[in-house]
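Peer 1: Listed here are the chains, written in short residue letters.
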Amino acid sequence: MTVAVPLSLNEAFDALSRTPDARLIQGGTDLMVEINFNHVKPVDVIALRRIKELRTWQVNSNNTITIGSGVPYQEMEVGQLKELLPALAEAARTVGSPQIRAAGTLGGNLGTCSPAGDGLPVLFALDAIVHLQSAVTSRELSIHEFMLGVKRNARHANEIITGVTVPILDGWQGYAKVGVRNAMVISVASACLAVDKKNNSVRIALGAVGPTIIRCRDAESWLVQQLDLTTATSIDTTIAQEFGRRVALESKPIDDHRSTAEYRRHAVGVLAQRLITRAYTS
Amino acid sequence: MSESIGNEMYTLRINGQDRPVKDAWVGESLLYVLRERLELPGAKGACEQGECGSCTVLMDGDAVCSCLVMAATAIGADIVTVEGLIEKDPSMATTADVIASQITDVQQAFITEGGVQCGFCTPGLIVAVHHLLDKNSDPTELDVKESISGNICRCTGYGRIFAAVEAVVQVRKASR
Ligand SMILES: Cc1cc2nc3c(=O)[nH]c(=O)nc-3n(C[C@H](O)[C@H](O)[C@H](O)COP(=O)(O)OP(=O)(O)OC[C@H]3O[C@@H](n4cnc5c(N)ncnc54)[C@H](O)[C@@H]3O)c2cc1C
Ligand code: FES
Ligand code: FES
Numbered sequence: 001m002t003v004a005v006p007l008s009l010n011e012a013f014d015a016l017s018r019t020p021d022a023r024l025i026q027g028g029t030d031l032m033v034e035i036n037f038n039h040v041k042p043v044d045v046i047a048l049r050r051i052k053e054l055r056t057w058q059v060n061s062n063n064t065i066t067i068g069s070g071v072p073y074q075e076m077e078v079g080q081l082k083e084l085l086p087a088l089a090e091a092a093r094t095v096g097s098p099q100i101r102a103a104g105t106l107g108g109n110l111g112t113c114s115p116a117g118d119g120l121p122v123l124f125a126l127d128a129i130v131h132l133q134s135a136v137t138s139r140e141l142s143i144h145e146f147m148l149g150v151k152r153n154a155r156h157a158n159e160i161i162t163g164v165t166v167p168i169l170d171g172w173q174g175y176a177k178v179g180v181r182n183a184m185v186i187s188v189a190s191a192c193l194a195v196d197k198k199n200n201s202v203r204i205a206l207g208a209v210g211p212t213i214i215r216c217r218d219a220e221s222w223l224v225q226q227l228d229l230t231t232a233t234s235i236d237t238t239i240a241q242e243f244g245r246r247v248a249l250e251s252k253p254i255d256d257h258r259s260t261a262e263y264r265r266h267a268v269g270v271l272a273q274r275l276i277t278r279a280y281t282s
Numbered sequence: 283m284s285e286s287i288g289n290e291m292y293t294l295r296i297n298g299q300d301r302p303v304k305d306a307w308v309g310e311s312l313l314y315v316l317r318e319r320l321e322l323p324g325a326k327g328a329c330e331q332g333e334c335g336s337c338t339v340l341m342d343g344d345a346v347c348s349c350l351v352m353a354a355t356a357i358g359a360d361i362v363t364v365e366g367l368i369e370k371d372p373s374m375a376t377t378a379d380v381i382a383s384q385i386t387d388v389q390q391a392f393i394t395e396g397g398v399q400c401g402f403c404t405p406g407l408i409v410a411v412h413h414l415l416d417k418n419s420d421p422t423e424l425d426v427k428e429s430i431s432g433n434i435c436r437c438t439g440y441g442r443i444f445a446a447v448e449a450v451v452q453v454r455k456a457s458r
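Top to bottom, those sequences are chains A and B.
According to the numbering used here, the first sequence holds residues 1 to 282 in order.
According to the numbering used here, the second sequence holds residues 283 to 458 in order.
Excised from the complex, chain B in its bound form (with noise of 0.2 Å):
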């Protein structure tokens, strides 16, 4: 039989991490959890409607709004974080400190190609840009422009994020 979670504790599955999720109300959304209770502020909030994409996390695969799962239903799911895409050590994944030192190919050519201003749409934008680039090592414009379609820049214009993406891509097949 299924079990109904109360106010009582629950797991959630977050970088290849057991987080018990404790004194929660259970309808709180996954983005408010990650943030508020499991010290993974990387995720951010901007509409809490699905629209902005700052929030994206990985679920199971798929690239997702965190502030549409209600947490405690993402019980059994595998969630990655923008803090879980680092490369050494994913598990690490708790402290501002260590991610600093760990940042991904895609992390740095945003970096390097200037694709960061305000910064609050990055960590969204790299978790559907590493998405994208596991699913499809070699995309068109339009699959770029399509993978972010959901995640909204207030400050680039987008073309430093597309000149980040295509650095990434080049970088990638030269190394392949």
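The following block holds chain A by itself, in its conformation from the complex (with noise of 0.2 Å):
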């Protein structure tokens, strides 16, 4: 086995044209555990941490944000970056630990792709743009096409993601999750919701009850039949409680080891309205 720790994307390139078969490791939050436990053996680990590149974010002038791929959750739930995206800064904050969340990555997340991933809904709602680059390519995926299934991805063996770009919203966004208690909790269920003023929309995704994380586009069109979503101060509870209904009937949840099929259904429902009620509430 050998590891490589590269200081640029370059040098992870070569590193990648050496050994086209090495895990790829930023935080090591997921995949220490699989090699802790004997679940992988990889042959050759090449190391994002060092890469400078990877742990930076930009503000772009059309106005949307670039996070690199290797940022930490801790650097999401402070500052600029959770002023420009509270949903991102609120679904950080949920992840794991002040321990998990000072090494884990967005990278990280995506490169797994568990349906639970916190870091995911954010993406689906926000459509997050995915940057893949290989020694000799470089594209850009719509989220929505990255994620394939239960920790399946559209990723090529050659590539790295490098980060992902989504928009500022003006609008209300937030993001709220269950689980079994309040710190250190893989998602039953989460919700990330984000109204866009602009355009007159509003944008649910969830998390945890679907193979993939789940937009739902019926329940968002019937919404903003019922209200103006640019000018709305407040909303009526029975539109907020629909809304929920709405949504719930999107999900398509399973019973597993951490819930059932029944109580994810309801637990989305309930986390909708709750977010619905949240952006119409001063």
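Keep in mind the hints are simulated off the structure, nothing from the lab.
A couple of the hints might just be wrong.
[Unchecked claim] Derived contacts from chain B toward chain A, CB cut-off under 10 Å, selection only:
(1) 307
(2) 311
(3) 341
(4) 350
(5) 429
Predicted model only: the values in this text are computed from it and were never measured.
Backbone N, C-alpha and C fix where the C-beta goes; we use that ideal spot for every residue, glycine too.
Each of the two chains sits in its own frame; use the hints to bring them together as a complex.
Peer 2: Okay, here's the thing in structure tokens:
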């Protein structure tokens, strides 16, 4: 086994061409668990943690933000990132513990692609673009095309996820998650809601209630007909409830060791109702 | 060009010292390397999956679970273990007897306030609390709870641990 610790993306691609089957490791908070328990025994590993290009984020001129795949969650919880992307900050804050948030990254969340990954509903709600680069190619994929199923994604083996780009929206946004306790908990069900006042639209994406993250397009378009999202300052309880009911209908949960399908469907409905109520309560 | 580390030696920067790691499998966790190869048994392993925090160390100033760090990837990082928190001479922090004579205010407060029972969680908590108080000298109750939310203690019920943190905060305030 070899471990490469490149200092730049170019060095990483060099390493990847020498050891094409290498596993990438960023924060290690998913991969090391697999290795510690002998579920994975990689032949070669390329560590991305020292690549500065991946650990930065920037605001672009077209009112979007590009976040490097190696930016740890703890940076999303504070400062300008929190101000501009409040839903991402709320999602980041629910991840694991301070130790996990200091190491864990969006690149790893995308690499693992678990439907319970807390970064993913935010990326789905914001229609994120995922940046993938190889030694010779560079492509941008919509998050909707990137995530293919439970722990499956469209990355090619020779590609590194370099970052994601999301829009800065005018409108309330937030993230809510149900788990067995407050800290250190993998989601049983989660939801991200973002209002886009400029386009009079709302986006809601659900985590842990289907093989991929689910965007509730029917509930979204229904709500737009009930409420002027740009000017409304409050929302009727009946509308919020009906929104929750419609969101729940679009979920596709299963029974597993963490919860039952029935509970999950109920929970996402409640989360959606709460989020839209928070959005229109000043 | 970046070098690849095979099974040959690599060197980690731990408690201010360069520590060569020899004859190791490069996929080993930092926790394993600290305890089994470098005679730094302070960090404890209980779950090896990031859940318990008993293996917490500082890496480039962040509190992280050493069980989730692949040791060979930590080259170039500044690592501080619970042994390295001793105040007088961190470079001496290699043997148990030296450490015992030089405990920190946080460690002393854990003892005084009864925050240690079986002691398994204690090293991780000590590192987490030092990390908190280095960044925030006047934490709220919520700050304290959040900062140790990744450290599980099965014995104390946490009340004594909060009391210990509060005691350190007060003493440090008074001496400022
Ligand atoms: C105790 C604990 C609690 C957790 N709690 C949560 C939680 O609440 N919510 C949550 O969402 N997750 C949680 N996780 C899972 C994990 O922390 C997240 O999925 C995190 O985002 C993984 O990021 P990482 O950088 O550590 O990934 P790594 O472990 O480094 O990598 C994960 C996978 O992604 C691949 N990969 C990494 N970076 C790239 C890249 N740049 N390009 C291509 N592939 C890449 C790796 O090859 C690997 O397959 C928890 C984990 C632990 C141990
Ligand atoms: S041993 Fe590392 S967190 Fe439990
Ligand atoms: S004192 Fe026993 S686990 Fe905390």
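Peer 1: Does each hint fit the structure? Answer for all of them.
Peer 2: Right, here's what the structure says about each hint:
1. 307: At about 7 Å, which falls below the 10 Å cut-off, the nearest Cβ of chain A leaves the hint on residue 307 of chain B intact, so it holds.
2. 311: holds (6 Å)
3. 341: holds (8 Å)
4. 350: holds (4 Å)
5. 429: For residue 429 of chain B, the interface hint holds, since the closest Cβ of chain A sits about 6 Å away, which is under 10 Å.
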